[in-house]
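Protein chains: 2
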Amino acid sequence: MKHAFRTLIQSSILPLVTLCASQLAQAQEFTKAELEMVEKVREHAHNSNLSWQLVESLTTEVGPRLPGTENDKMAVAWAKQKFQQLGFDKVWLEPSKFPEWRRYHESGFILTPSKQPLHLTALGNSISTPKKGLTGEVVLFETFDELKAAPAGSLEGKIAFINYRMNRDIDGNGYGPAVKARNKGAVEAAKKGAIAYMMRSVSTSHHRFAHTGGSHYTKGITKIPATAVANPDADQLARLVALGNPVRVELNIQTEDLGEGTSYNVIGEITGTKYPEQYVLLGSHLDSWDLGTGALDDGAGVALTMAAAKHIADHTQPERSIRVVLFAAEELGLWGAKAYFKHYEKRLGNIVAAAESDFGADVVYAFESNVNAASLPVVRAIAEQLKPLGVKYIRKNEARGGPDLIPLRQTTSAPIFDLHQVGTDYFDYHHTADDTLDKVDPEKLKQNTAAYAVFALMAANAETKMAGK
Amino acid sequence: MKHAFRTLIQSSILPLVTLCASQLAQAQEFTKAELEMVEKVREHAHNSNLSWQLVESLTTEVGPRLPGTENDKMAVAWAKQKFQQLGFDKVWLEPSKFPEWRRYHESGFILTPSKQPLHLTALGNSISTPKKGLTGEVVLFETFDELKAAPAGSLEGKIAFINYRMNRDIDGNGYGPAVKARNKGAVEAAKKGAIAYMMRSVSTSHHRFAHTGGSHYTKGITKIPATAVANPDADQLARLVALGNPVRVELNIQTEDLGEGTSYNVIGEITGTKYPEQYVLLGSHLDSWDLGTGALDDGAGVALTMAAAKHIADHTQPERSIRVVLFAAEELGLWGAKAYFKHYEKRLGNIVAAAESDFGADVVYAFESNVNAASLPVVRAIAEQLKPLGVKYIRKNEARGGPDLIPLRQTTSAPIFDLHQVGTDYFDYHHTADDTLDKVDPEKLKQNTAAYAVFALMAANAETKMAGK
Numbered sequence: 067m068k069h070a071f072r073t074l075i076q077s078s079i080l081p082l083v084t085l086c087a088s089q090l091a092q093a094q095e096f097t098k099a100e101l102e103m104v105e106k107v108r109e110h111a112h113n114s115n116l117s118w119q120l121v122e123s124l125t126t127e128v129g130p131r132l133p134g135t136e137n138d139k140m141a142v143a144w145a146k147q148k149f150q151q152l153g154f155d156k157v158w159l160e161p162s163k164f165p166e167w168r169r170y171h172e173s174g175f176i177l178t179p180s181k182q183p184l185h186l187t188a189l190g191n192s193i194s195t196p197k198k199g200l201t202g203e204v205v206l207f208e209t210f211d212e213l214k215a216a217p218a219g220s221l222e223g224k225i226a227f228i229n230y231r232m233n234r235d236i237d238g239n240g241y242g243p244a245v246k247a248r249n250k251g252a253v254e255a256a257k258k259g260a261i262a263y264m265m266r267s268v269s270t271s272h273h274r275f276a277h278t279g280g281s282h283y284t285k286g287i288t289k290i291p292a293t294a295v296a297n298p299d300a301d302q303l304a305r306l307v308a309l310g311n312p313v314r315v316e317l318n319i320q321t322e323d324l325g326e327g328t329s330y331n332v333i334g335e336i337t338g339t340k341y342p343e344q345y346v347l348l349g350s351h352l353d354s355w356d357l358g359t360g361a362l363d364d365g366a367g368v369a370l371t372m373a374a375a376k377h378i379a380d381h382t383q384p385e386r387s388i389r390v391v392l393f394a395a396e397e398l399g400l401w402g403a404k405a406y407f408k409h410y411e412k413r414l415g416n417i418v419a420a421a422e423s424d425f426g427a428d429v430v431y432a433f434e435s436n437v438n439a440a441s442l443p444v445v446r447a448i449a450e451q452l453k454p455l456g457v458k459y460i461r462k463n464e465a466r467g468g469p470d471l472i473p474l475r476q477t478t479s480a481p482i483f484d485l486h487q488v489g490t491d492y493f494d495y496h497h498t499a500d501d502t503l504d505k506v507d508p509e510k511l512k513q514n515t516a517a518y519a520v521f522a523l524m525a526a527n528a529e530t531k532m533a534g535k
Numbered sequence: 067m068k069h070a071f072r073t074l075i076q077s078s079i080l081p082l083v084t085l086c087a088s089q090l091a092q093a094q095e096f097t098k099a100e101l102e103m104v105e106k107v108r109e110h111a112h113n114s115n116l117s118w119q120l121v122e123s124l125t126t127e128v129g130p131r132l133p134g135t136e137n138d139k140m141a142v143a144w145a146k147q148k149f150q151q152l153g154f155d156k157v158w159l160e161p162s163k164f165p166e167w168r169r170y171h172e173s174g175f176i177l178t179p180s181k182q183p184l185h186l187t188a189l190g191n192s193i194s195t196p197k198k199g200l201t202g203e204v205v206l207f208e209t210f211d212e213l214k215a216a217p218a219g220s221l222e223g224k225i226a227f228i229n230y231r232m233n234r235d236i237d238g239n240g241y242g243p244a245v246k247a248r249n250k251g252a253v254e255a256a257k258k259g260a261i262a263y264m265m266r267s268v269s270t271s272h273h274r275f276a277h278t279g280g281s282h283y284t285k286g287i288t289k290i291p292a293t294a295v296a297n298p299d300a301d302q303l304a305r306l307v308a309l310g311n312p313v314r315v316e317l318n319i320q321t322e323d324l325g326e327g328t329s330y331n332v333i334g335e336i337t338g339t340k341y342p343e344q345y346v347l348l349g350s351h352l353d354s355w356d357l358g359t360g361a362l363d364d365g366a367g368v369a370l371t372m373a374a375a376k377h378i379a380d381h382t383q384p385e386r387s388i389r390v391v392l393f394a395a396e397e398l399g400l401w402g403a404k405a406y407f408k409h410y411e412k413r414l415g416n417i418v419a420a421a422e423s424d425f426g427a428d429v430v431y432a433f434e435s436n437v438n439a440a441s442l443p444v445v446r447a448i449a450e451q452l453k454p455l456g457v458k459y460i461r462k463n464e465a466r467g468g469p470d471l472i473p474l475r476q477t478t479s480a481p482i483f484d485l486h487q488v489g490t491d492y493f494d495y496h497h498t499a500d501d502t503l504d505k506v507d508p509e510k511l512k513q514n515t516a517a518y519a520v521f522a523l524m525a526a527n528a529e530t531k532m533a534g535k
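Chains as they are written, first to last, in our numbering: chain A, 67 to 535; chain B, 67 to 535.
None of the hints are false.
To spell it out: a stretch of chain A is covered by chain B in this simulated footprint if at least three of its residues, at any positions, have a beta carbon under 8 angstroms from a beta carbon of chain B; those stretches are:
(1) 127-133
(2) 169-180
(3) 268-282
(4) 298-307
(5) 502-508
Below, computed lysine to any residue pairings styled on SDA-like, alpha-carbon distance capped at 25 angstroms:
(6) K510/A <-> R305/B
(7) K198/A <-> P183/B
(8) K510/B <-> H272/A
(9) K139/A <-> V157/A
(10) K531/A <-> A99/A
(11) K510/B <-> E127/B
(12) K139/A <-> V307/B
(13) K181/A <-> L159/B
(14) K181/B <-> D323/A
(15) K139/A <-> G310/B
(16) K139/A <-> K181/B
(17) K181/B <-> I193/A
(18) K139/B <-> N311/A
(19) K181/B <-> R168/A
(20) K139/A <-> R314/B
(21) K250/A <-> L200/A
(22) K285/B <-> V253/B
(23) K181/A <-> S194/B
(24) K198/A <-> R168/B
(25) K197/A <-> N318/B
(26) K198/B <-> H171/A
Derived by calculation from the structure, the hints in this document are not laboratory data. Ideal Cβ placement from N, Cα and C applies to all residues, glycine included.
Using the sequences and the hints given, assemble the complete structure.
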């Protein structure tokens, strides 16, 4: 049927000269009926509040979802039940191990020249301070490299503090340079003899929220408590240090390393009619940090990928499968993703397109692929159908996918896509207590859902099976 | 000299027909040299960062200033020293009693359907929960009146929760209707048998900060713990209640009533040359809540009133005195102001103009008086000199002054002024941990300082001694 239609077009019922490249691509890859279906699904998704209902339910009824907690188990049960209620053809769990960690208490004070509370949070994986806390003098560094360059032993008994300011940008490109200090700051501070580590939050916010996130120790280097302070508190510390007198602070962090835990990737699939083993992978992660309710990170992603597939299934059964994977324990180190791509290591060629939504809930403004040349006509056709949603096409063909696709990229050259979201405000909320449902704009969430639905349906139905380069 | 100049004008060196009313007022009340001095002081104040330096110093080196705390004592010492360093002619302290109260711990959790932290704060004056906290089912009311209308005994063992949403407005007029629930909510809840009280914060913020503030018990009514939750948490509670299942929460508030304490109004005066006993009163309050560093409430007011007087003194010695009064213990019930106006009860007629800056640090957009008819020419003249700062003149003549002028208004009909500030964002920060220095815009603070300097200098030098109506 599709071939017949394509032949019909090529035999010039439509004058070929009037077809632009993207229209040609569409005509080559999709039947007219298929394109009409794409439009129908797009409009439906763009007018549905299903994704809102899902993110509202997850963040309200479950709330924070730190891997291994009771809430994480509830989230797994929630996701499985929602997939089933939404009528996905297959729903299953796959286990994932991860290093389990808990935050029990965190407080801090500036002690000199006056006592003032510090708004701070333990970085993920941080050890505890002694039960009664610890006190020390703050030594300020502007950058991670400045701390690295400090002489050995120079921080003996001190508390190292990096005051690096993250840049605000639409694509969040300030995150990479800032996050170095989170990942390894405590290790570098310990090397110089520091008894604890503080950093300005990896955040663009001027509100008094501290930003948590993964941090890592190095074997052979003393573990010291690792914390981030809210940006107004970082400013306060910097002003006090600038006055020239010693600034002493008190930190009390109580956490626990619980060893290896188990959580679950929750997977729902709409099974393809023609090539069921081939599939479009729509990713997001089900876990969240414990401070907020994980609405932007990544409840929105969970909701919109589930809803996108459901909107497709409500209208048509795609030729290839659409698999929504809600990864486990992303925040603690992509553990669910590592388990998933390890488990399917020999069958990664079945993935015809992969994209992850894990950058909040602002609008998708651009679409980009990372595919071989033969797949580009499909990409152009998809881009054409995303245009009505205000999504532009970035031709660089260098998409990187979300964080949970890193293990995929490291294993094979998969066909990976970015549905780039506006991220200008994302790091105002990311990994803070302020990541709550009210930060999700229902209208923008609809646009995201529609974009994912268009992308998934077309990747599943394209004449060409897409592949990486 | 002044009279000579006025006569000169009236004898038509300037053609009277071309003078507008406000120019006439200026000419009647001020010499040309005086008006030139006003311009000079205005420009100087508008270009000086003295007020910024003061608010930075107070909020950084002292920080939070809850009455009676070590920080409050530091603030009193800070203010006295600053007045002296700035060269005020007289600097003195006046004691004020107040009911001393401390906050030691506050935490809360939603318990069902899942455990989630609540961002909440004890209202000022709240009693403690039992040491291990208390738990109860939430009963939601939309308004204070709805709670008042609940049948007696209907909240036995329950936790009352008022979810009233404050309106955002330039003049903060949403505060009054919202604050009823803070003042007396716990009393009404206790009357119905509730074991604790929660309210949506009196705040326009969508960030996760709880808003504290004064609350009051009534003799004969059981005291129950009184708290406010951050607005996103109020939304979360409302969504959970709407699901129809019982919502249980846990609250743990540890506070202490320390009985009567003493703090100090700190007063600095620039002494008038001609009528030293008459004075312009520039008010603000030195204390703050303990959660933030009291930058907007009221560090900015302290800084800009001190700076305004200093800018005047740098250029001229006014005919009447300018007295800057940094009131004590405003947040706990205007205690410093009550003490001040009681102390000067018999000499309130010496106040020729009074204004308080206690509404943050956004620009002054309007000027309004509350004076007798004879004083209106002075008011018009001042308004004319405020125009270059973008300040309009509100002719209603119904100014109310800041909160610390309430005891003055209640005692006598004083000449009171409002330098109305834009308050659109004020209740995003007011009484929260997020009231920190970065919320003060240095440029807007300069405009405020200049407006206060113009007002104070002109009120001090006007030919007519202003009075209330």
